[in-house]
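Asker: Listed here are the chains, written in short residue letters.
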Amino acid sequence: MQTGINSEQDSTPVQTGQPLNPPDPGTLEQFLFHEARLLDEQRWEEWNDLYLEDAEYWIPATPGQPDPKNHISLIYETGLLRAVRVKRYKHPNAFSLQPGPRSVHLVSNVILDNFDETTGECLVTSRFIMLQYRREKQDVFAGSYTHRLVVSGDEIRIAAKRVDLLNCDAPLENILIYL
Amino acid sequence: MSHYSNEQLAGLIREDSVHKKVYTDPDIFDLEMERIWNRSWIYVGHDSQVQQPGDYFATSVGRQPVVMTRHKDSRVHVLFNRCSHKGAQVIGDSRGNAQQLRCSYHGYVFDTDGTLLHIPREEGYNGAGFGKGNPESNMQQVPRVDSYHGLVFASLAPEGPDLKTWLSGAAVSIDNLVERSPEGRIEIAGGCFRYLHDSNWKMFVENLNDAMHPMVVHQSSSGTAKRVFDERLKEGDPVPFELEMLAPFTNNYDFFEKMGLTAWNYGHSVTGGKFSIHSAYSPIPGYMDALTDKYGEQKAREILAVNRHNTVVYPSFTLKGAITSIRVVKPVAVDRTVIESWVFRQVGAPEELFQRSITYCNLINSHANLVGPDDYEAYHRLQSGLQIQDGNEWVSQHRFLGKEEVEEDGTKHSAGTSDMVFRHQFQTWKDYMASAG
Chain C
3 MQTGINSEQD
13 STPVQTGQPL
23 NPPDPGTLEQ
33 FLFHEARLLD
43 EQRWEEWNDL
53 YLEDAEYWIP
63 ATPGQPDPKN
73 HISLIYETGL
83 LRAVRVKRYK
93 HPNAFSLQPG
103 PRSVHLVSNV
113 ILDNFDETTG
123 ECLVTSRFIM
133 LQYRREKQDV
143 FAGSYTHRLV
153 VSGDEIRIAA
163 KRVDLLNCDA
173 PLENILIYL
Chain P
815 MSHYSNEQLA
825 GLIREDSVHK
835 KVYTDPDIFD
845 LEMERIWNRS
855 WIYVGHDSQV
865 QQPGDYFATS
875 VGRQPVVMTR
885 HKDSRVHVLF
895 NRCSHKGAQV
905 IGDSRGNAQQ
915 LRCSYHGYVF
925 DTDGTLLHIP
935 REEGYNGAGF
945 GKGNPESNMQ
955 QVPRVDSYHG
965 LVFASLAPEG
975 PDLKTWLSGA
985 AVSIDNLVER
995 SPEGRIEIAG
1005 GCFRYLHDSN
1015 WKMFVENLND
1025 AMHPMVVHQS
1035 SSGTAKRVFD
1045 ERLKEGDPVP
1055 FELEMLAPFT
1065 NNYDFFEKMG
1075 LTAWNYGHSV
1085 TGGKFSIHSA
1095 YSPIPGYMDA
1105 LTDKYGEQKA
1115 REILAVNRHN
1125 TVVYPSFTLK
1135 GAITSIRVVK
1145 PVAVDRTVIE
1155 SWVFRQVGAP
1165 EELFQRSITY
1175 CNLINSHANL
1185 VGPDDYEAYH
1195 RLQSGLQIQD
1205 GNEWVSQHRF
1215 LGKEEVEEDG
1225 TKHSAGTSDM
1235 VFRHQFQTWK
1245 DYMASAG
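If you read the sequences in order, they're chains C and P.
Going by my numbering, the first residue of the first sequence is number 3, and it counts up by one from there.
Going by my numbering, the first residue of the second sequence is number 815, and it counts up by one from there.
Quick caveat, the hints were computed from the structure, so don't treat them as lab data.
Every value quoted in this text rests on a predicted model; they were computed, and no experiment measured them.
Some hints here could point you the wrong way.
[Stated by the list, open to error] Computed list of lysine-lysine pairs in PhoX-like fashion (alpha-carbon distance at most 25 Å, straight line): (1) P/Lys1048 x C/Lys89; (2) P/Lys834 x C/Lys71; (3) P/Lys1040 x C/Lys92.
All chains, please: the whole structure from these sequences, using the hints.
Answerer: Written out as structure tokens, the structure is:
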């Protein structure tokens, strides 16, 4: 699978000389569940803190989209734009957030696809369903996540997240909460 | 048959306001499809979407499914997407290449110009009046097709003004879009957003030249972006595209008022001209040089000095030259509209120009961005607010009433924040709607 997630940038290599052991699958799963909970509980800053500053958050607009620079994307953000979005969630005049949207993120089928013994970097794929509710209307979004995670000791940070939305190229109304 | 007489339709449009039914009545919507969308020139696509013989692109003109094809003689055709036999849609996906178009039901085969080529067990039609050589047995071409700089338009009316006449002053926006390529050539690239709105199509079209809304509607995105960038950018850091794009949405009223508005015959209009919310972008390295090589320095400067903001080509699309993109209006129902966003690559220009346009569309036109949902919300509240029976049946268009300058050929100029364009669009609406049936 072509993830389009650039694995050359901004990882935090941990050079111990010893090959690292992959994290327990349960640990990775718990991390993804934790990320989903932060979104559902609208703990935006805590959610953003899971990400490295330059981490890409990317929702392509076309299935199999190879890159975010030469093709439109539903969202393509690094730290600066994430900070804008997170801050805007609390803006008193963000009218499309009044009334506020609510969400449920379900994460499943978590697989560790690749582990780098030198850097401790994990490539984790999973499936998700997200229900978004706002003003008497509920939308369903589903698809797959590809996370590039940097594991260092007990800490896990997100170096990149790609969201392949099943109907990313369909006519869609608003997506107001991160998938 | 409509229960509205022409007089009643004309009566919905006043000099300073329009009746709210023009946005809310499904019968009016059906009439708009017949009398505006089936008669005007409607944008179909760009010929770069069908570069090779056999390439096809399935889309719609108003509510009519059509397919744009490149025939083997390299001509572009627009066909109704309907088999002449039982009526099935022939093309079932949105794009591809096929040397022949084959109906998926009974296998009747058509050429890419619609000509019927083959019927299984053809002898069954002997003497029956259907078959090859009978024009009525072909997939039907739409009555009129023409293009301007590769932008393909169709009209479902056999008669009407030719495309160039009809485009009037909006043609200059298309000229400028193409001239911004150092090779004078543009091509569609980088995908398409299809943003579904739960509101009437005219709300989007009006909003594109509504300069009184950005500082209110986009305060939360543009204003927040300015604050976050101020906090995080250090002295001397390059200004990211994203800030250059988001910041001007909350320029002050004076800026938008001075930007100016121009309207031309057939309902078209533009905000800006000498400057716009796009005119303070940093230059793209190498771009001016590439334009100068092609056009000479003076002409290159003139091309980049055209700062049209949003051009509305009424009713079916809007265009941004500096952002090299268009938004295409697809009415679905009286309260349902899809807005497609497409980006053009300026052939011969630095890739950075194209990538800037991609970034702009992500930031402003996606369904998941920080700007579009607040416009969506405004249209939604209009659509539901207009259902309210408070005794006021009329939607105001009074701002700067009677203050426009009108040229001899009908071209109008006004302050950027005038309601002139709305009044102008609805005079065109009335011309279409109250003159047939």
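Asker: For each hint given before, does the structure comply? Return the numbers of the non-compliant ones in rising order.
Answerer: 2
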